[in-house]
Amino acid sequence: MLHLITGGSASGKSAYGEQAVLKEGKPFCYYLATMHPWGEEGQARVARHRRQREGKGFITVEAYRCLDKVVLQPGQAPPEDKAVLVECMSNLMANEMFEGGGSDREILGRVQKGICHLMECAKTVVVVTNEVFSDGAGYEAETMRYIRLLGQANQELAFLADKVTEVIYGIAAERKPGP
Numbered sequence: 053m054l055h056l057i058t059g060g061s062a063s064g065k066s067a068y069g070e071q072a073v074l075k076e077g078k079p080f081c082y083y084l085a086t087m088h089p090w091g092e093e094g095q096a097r098v099a100r101h102r103r104q105r106e107g108k109g110f111i112t113v114e115a116y117r118c119l120d121k122v123v124l125q126p127g128q129a130p131p132e133d134k135a136v137l138v139e140c141m142s143n144l145m146a147n148e149m150f151e152g153g154g155s156d157r158e159i160l161g162r163v164q165k166g167i168c169h170l171m172e173c174a175k176t177v178v179v180v181t182n183e184v185f186s187d188g189a190g191y192e193a194e195t196m197r198y199i200r201l202l203g204q205a206n207q208e209l210a211f212l213a214d215k216v217t218e219v220i221y222g223i224a225a226e227r228k229p230g231p
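Numbering (our numbering), first residue to last: 53 to 231.
Rather than coming from a laboratory, the hints here were simulated on the basis of the structure.
Keep in mind the model is a prediction, meaning the values are calculated, not measured.
Cβ coordinates follow ideal geometry from the N, Cα and C atoms, glycine included.
There may be inaccurate statements among the hints.
Said to hold, decoys possible - No farther apart than 25 Å at their CA atoms in a straight line, the calculated lysine-lysine pairs in the BS3-like style are these: (1) K165 x K108; (2) K108 x K175; (3) K78 x K175; (4) K175 x K75; (5) K215 x K165; (6) K215 x K108; (7) K121 x K165; (8) K108 x K78.
What the hints assert, rightly or not - Here are the simulated distance ranges between beta carbons: (9) E106 x D156: 12 to 22 Å; (10) K228 x S61: 38 to 48 Å; (11) K108 x A62: 35 to 45 Å; (12) Q164 x M196: 13 to 23 Å.
Throw the hints in and build the complete structure from the sequences for me.
Okay, here's the thing in structure tokens:
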């Protein structure tokens, strides 16, 4: 099952995503952390997320790019015993775009290939993403490209997803009800 969770900054979507993975009751719950902890602000955000999931039983995997290369240990455990939280698509897209480079098609292809790989490795994949499209502000060309690519990736994920949830002020609103 693929579950896409979206929402604005500090909306509660990360905590909701964690609960969505944990309620699956799988023996192995993975937290794929995609944010490079650049600078003080980045380090503080990563530390806050680590505290938030402390003691919950997550196996943390730092995965900044190329999710198709991620190996979920223990390898002998079947996909039915695994659930994955990708936190978050916004960081992954930035990493793929600015570190990996390439055409729009190549970047989107790497992201989709990575999510499909995770869906083969785990029974449940929960992807957290940001809604960054509604401020109406104009940005430089490279930022607009990032916003457009993230929007495209979010649309593709929503289409593939069994379930889509938007978190607004900590309240979950089902946009595409799951099974």
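Check each numbered hint against the structure and report the violated ones by number, ascending. Going through the list in order, the structure violates hints 1, 9, 10, 11 and respects the others.
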